[in-house]
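Asker: Using the sequences and the hints given, assemble the complete structure.
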Amino acid sequence: MLKINNLNAKIQEKIILSGFNLEIKPGEVHAIMGPNGSGKSTLSNILSGKKGYEVSGEVLYENKNLFDLETEERAHKGIFLAFQYPLEIPGVNTNIFLKTSLNSIRKAKGEKELDALEFLKLVKEKAKELKFDEEKLNRQLNVGFSGGEKKKNEILQMSILDPKLSILDETDSGLDIDALKIVADGVNALRKKNNSFLIITHYQRLLDYIKPDFVHVLMGGKIIKSGGAELAIELEKKRI
Amino acid sequence: MRDKQIEDLKDYKYGFSTDIESFKAPKGLNEEVIRFISNIKKEPDWLLQWRLKAFERLKVLKEPDWQKPKYPKIDYQDLYYYSAPKSFKEKPKNLEDLDPKLLETYKKLGIPLQEQKRLNGIAVDAVFDSVSVATTFKDTLTEKGIIFCSISEAIQKHPDLVKKYLGSVIPITDHFFATLNSAVFTDGSFVYIPPNVKCPMELSTYFRINASDTGQFERTLIIADKGSYVSYLEGCTAPMRDENQLHAANVELVALDDAEIKYSTVQNWYPGDKDGKGGIYNFVTKRGLCKGKNSKISWTQVETGSAITWKYPSCILKGDNSIGEFYSIAITNNYQKADTGTKMIHLGKNTKSKIISKGISAGKSDMTYRGLVDISKNASNSTNYTQCDSLLMGNKCGAHTVPYIKNKNSNSNIAHEATTSKISEDQLHYCQQRGLNQEEAVGLIVNGFCKEVLQQLPMEFAVEAQKLVGISLEGSVG
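Going line by line, the protein sequences match chains E and U.
Numbering (our numbering) for the first sequence: 1 to 240.
Numbering (our numbering) for the second sequence: 241 to 718.
Keep in mind the hints are simulated off the structure, nothing from the lab.
Small disclaimer: the values here were computed from a predicted structure and weren't measured.
Check before you lean on any hint, since a few could be wrong.
Which chain U residues face chain E? A few, computed with CB under 8 Å, are given here [stated by the list, open to error]:
#1 Phe295
#2 Pro435
#3 Lys438
#4 Gln673
#5 Glu680
#6 Gly688
No residue lacks a Cβ here, since even glycine has one placed at the ideal position from N, Cα and C.
Answerer: The structure is reproduced here in C-alpha cells:
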C-alpha cells in the first residue's frame, strides 16, 4: 500500500528526514515511536501533502508516485491524517464541514453524494459509537473544543471517511484514559483486511489498546530499529 | 392567456423603445440638460424646480477627496446624462460574443442560460417570460395596496407621496454626489407599504418591469407606513455588464411608527481586469430615516464588485426606541478598492444600533472600514455595538479600520470590537487533507468568517451569496 524508499526532507536548509525507509502492506498497523524532533510530524506532514518541504526520494502509494498527487487527491484516494493539532475554523459548522469533506471524497470516487438526511443518520451512528457529544457537531469546527474533544473529533472524521491509510499523529498526546480507549475503539473498528494504519506516538500506552503489527524507532531522521509489538514495551521500560 | 400577455408586452416593448430612441440629451451638465431630462419624463414643474435647485447647489459643492481610494479626475462635462435604452439591434446577439471569463463565472454560480442573456441585455423571448412572472407578482401586491413601480411612474401616479418624501432623508443640499444625483437622476424604484401591511414577498429590482437601463444615476425611495414591514433586495449575484463607469445612486428609506425596512444588496459590478484596468466606480448614497417610534431599518450588503466601492449605508434614529442595523461583507481582490461602512446617528431616546462588518482583502487590493456612531445629547439610554473584522489573504493587500465615535450622552453606551486575521496555510492544509480543493477550502473558511452577515440575507439569496464569496476570491491564494 505504502512504500517509502530513501526519503529525505529539508525545511529551511535543516535536514529532518534522511534515508527513511518504510513499507506498509494492506491491513497492517505500524507504530512509529521516537523522541521530540526525530522527524515524526514531518513524516505525517509530507505524506499528507503539506507544502514547504524540500523532498527527495520515492514514496509509492498503491504503486503510484505520491508526490504527483495534490493534497486533496491523496485524501480522495484514501489517505487520512489525524492532526496532532486539529485546526479551528471559526463560523464553519462541524456537521457542514464533515458533510462537505465526505461528499468531496465520494464525488471524486464516483460515488453518489449523501443528502442531508443520509449524512445525519451516518454521523449520528458514528458519534454514538465514539461517545462523541452530538451537540458539539452543531458548533463551529473545533472552536471552544477541549484538547480531548478535538482529538476525538479527528477520530470521528476518520470513521466517517473510512480511509484506506490512516495516519495518527500523536493522537494520544494529552488524552485521559477514557478518551484514549475511545480513540483505540475507533481505530480497531476500522481495522479490516485492507485498511492500514501508521500510528505516530511518544508513548506505549496507546499500543496497549491498539496492538501494532510492527513498531519502529525513529531517530535522527531514520528508522534505527524495527520489531513487533514487544519492542514498544521494551522501549517504555528502558525509559523508566 | 400567457401568450397574449407576451404579445402585448412585445408590442409595448418595441413601441416604447422606438419612441424613446428619437430623444437623446447632448453631452454635458447644464440647466438645458436637466430641463431636457425633466421634460422627456413629463415631470411636474415642482420636480423640475427641485432638480434645478440641486444643480445650483452643485455649482458650489466640491467633489470630496478625503476617501482612501483615489481615482482619476472625472470630467462631468464629458458625460451623457440622458441616453435612451439601447435598441435590440445594438445589443449583443449571442452569449458567444461575451467575455469567456464571464461565462465561466455564470456557470459556477449556476445561472441559467436565459438569465445570463437577460443580464447582458441580449434580445431573447425569455425576457418576456420574466416579465410575465412580474405581472402576476404585481397583482398580488396591488391587492394589498402596496405600490412597487419605477420612480418615474410614481412621479406620474403618486405625486403626493413622492413630493412628501423625496429628498426628506438625503436633502438636495447634501454632499456632491448625492446632489449630482438629485439634479440628474433618471430612474429607479419606488415602494410604498400602507399602514399595518406586511409585504408578503421579498421585493426585488429583478421583478420590476423595465428594471434594466436605469442608468448611472439611480434613485430609490422606499416608504414603510405605520406598522408595516418590507424586505427589499437590490442587485444580483451575477456580474453585470455596464458601460457607465461612474455610478452615483441615491437610496432613501423612511420608516414610520412601528415600521420595519430590511434592505439587502448584493453588488457584483465589473471590478476591472486583474491588472486593475477598467471597472465601475460605485459611489452610492444610502440613508434610512427611522422617523417614527419603535421603527427599525436594517441594511445588509455583500459588496464584491466594482473597481472602487465608496458608500456608507446609514441610519438616522430619530424616533424613540428605534433600531438601526448594518451588516456588511466587503471583498476586494486584485486591484479593487473599497472605503465602506456606516453612520448611525442616534437622536431619539432608547435607540439601538448594531454594526457587523466583515472585510476581506486579497491580491493587491485595499479595504477601509469607516464608520460613525454619533449619540446626541437627547438620545438617553441608547446603545451601539460595533464589530469590525478584517481578513487578509496574502501579504500585498491592505485593511484599515477608521471608527469615529461621538457620545454626548452620559446614559448611553458604545462598544467597539475589531480584529484582523489571516487565512493560515495550516487551515488550508487541514481542509485539503479532508478532500476539499484549494478553492473550496478558501470558500469554506471565508464563508465561516462572514457567517453572521450571510445569515441576515433572505434564504435564496444567501445560498447564491455564499457561492459568490468563494468565486470573488478565486486565484487569491497560492
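Asker: Evaluate each hint against the coordinates.
Answerer: The hints, checked one at a time:
Proximity of Phe295(U) to chain E is violated relative to the hint, the smallest CB-CB distance being about 48 Å (cut-off 8 Å). Taking 8 Å as the C-beta contact cut-off toward chain E, the hint placing Pro435(U) at the interface is violated, the least distance being around 39 Å. For Lys438(U), the interface hint is violated, since its Cβ never comes within 8 Å of a Cβ in chain E; the closest pair sits about 30 Å apart. The beta carbon of Gln673(U) is positioned within 8 Å of a beta carbon in chain E (closest approach about 5 Å), and the interface hint is therefore held.
Hint on Glu680(U) holds. Least Cβ distance to chain E is approximately 7 Å, under the 8 Å limit. With 8 Å as the threshold, the beta carbon of Gly688(U) comes within range of chain E, its nearest partner Cβ sitting at about 3 Å, so the hint holds.
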